[in-house]
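Could you build the full structure based on these sequences and the hints that come with them?
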Amino acid sequence: MPTKTLIACTALMLALAAPAVAQNAAPTAKVADPVAQALRERGEAYRHAPDEKQDPQEQRTTNALNAEILDQNDLAEMRDRANQAEHAKAQAEYQAELARVEAERQRIDEENAQHQARYQAEQERYARARADWEACNKGDRSRCTPQ
Numbered sequence: 528m529p530t531k532t533l534i535a536c537t538a539l540m541l542a543l544a545a546p547a548v549a550q551n552a553a554p555t556a557k558v559a560d561p562v563a564q565a566l567r568e569r570g571e572a573y574r575h576a577p578d579e580k581q582d583p584q585e586q587r588t589t590n591a592l593n594a595e596i597l598d599q600n601d602l603a604e605m606r607d608r609a610n611q612a613e614h615a616k617a618q619a620e621y622q623a624e625l626a627r628v629e630a631e632r633q634r635i636d637e638e639n640a641q642h643q644a645r646y647q648a649e650q651e652r653y654a655r656a657r658a659d660w661e662a663c664n665k666g667d668r669s670r671c672t673p674q
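Converting from the sequence shown to this note's numbering requires adding 527 to each position, the first position being numbered 1.
Derived from the structure by calculation, the hints contain no laboratory data. A couple of the hints might just be wrong.
FRET-style restraints, in silico, Cβ to Cβ [as the list claims (entries may be wrong)]: (1) Gln564 / Arg608: 31 to 37 Å; (2) Asp636 / Met605: 43 to 49 Å; (3) Arg567 / Glu624: 53 to 59 Å.
Please read all numbers here as calculations on a predicted model, not as lab measurements. Glycine is no exception: its CB is placed at the ideal position from the N, C-alpha and C atoms.
Shown next, in the form of structure tokens:
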């Protein structure tokens, strides 16, 4: 019991101390330009030139490439949506087929149970008839079938 109390007290102290520790933690600096930061970490210099200082032909090429990338992204998104719709349709068809197969399995099980019950009844009727026949052959005329 003292161990459980010690553990509970320690957990309570840690829970109460967490806000104080969080207040003392150094705030994380936001990175204004993640590309520049990644390049600086690799030891490379990165300076984004203002648009008016860039070569107009390079700007047109960049804009055309960016437009192509956006078109490709849109096309990929449309394909993804079409694929998701196709998958949902296939999933629904699969579930319907699964339900149909399960219903068929249940029907077959019921049919087999009926056949088994008829077979068991026929077996019992045969056993009674055989017992009567054997008794009749041994001399018990009350168990003989009329002819």
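For this session: Determine whether the Cβ-Cβ distance between Arg567 and Glu624 falls within the hinted range of 53 to 59 Å.
Result: 58 Å, holds
Problem set entry | Supplied distance hint 31 to 37 Å, evaluated on CB atoms of Gln564 and Arg608 | The hinted range 31 to 37 Å holds for Gln564 and Arg608, with Cβ atoms some 34 Å apart.
Problem set entry | Outcome of range test on Cβ distance (Asp636, Met605; 43 to 49 Å) | 46 Å, holds
Hint compliance for this structure: no hint is broken.
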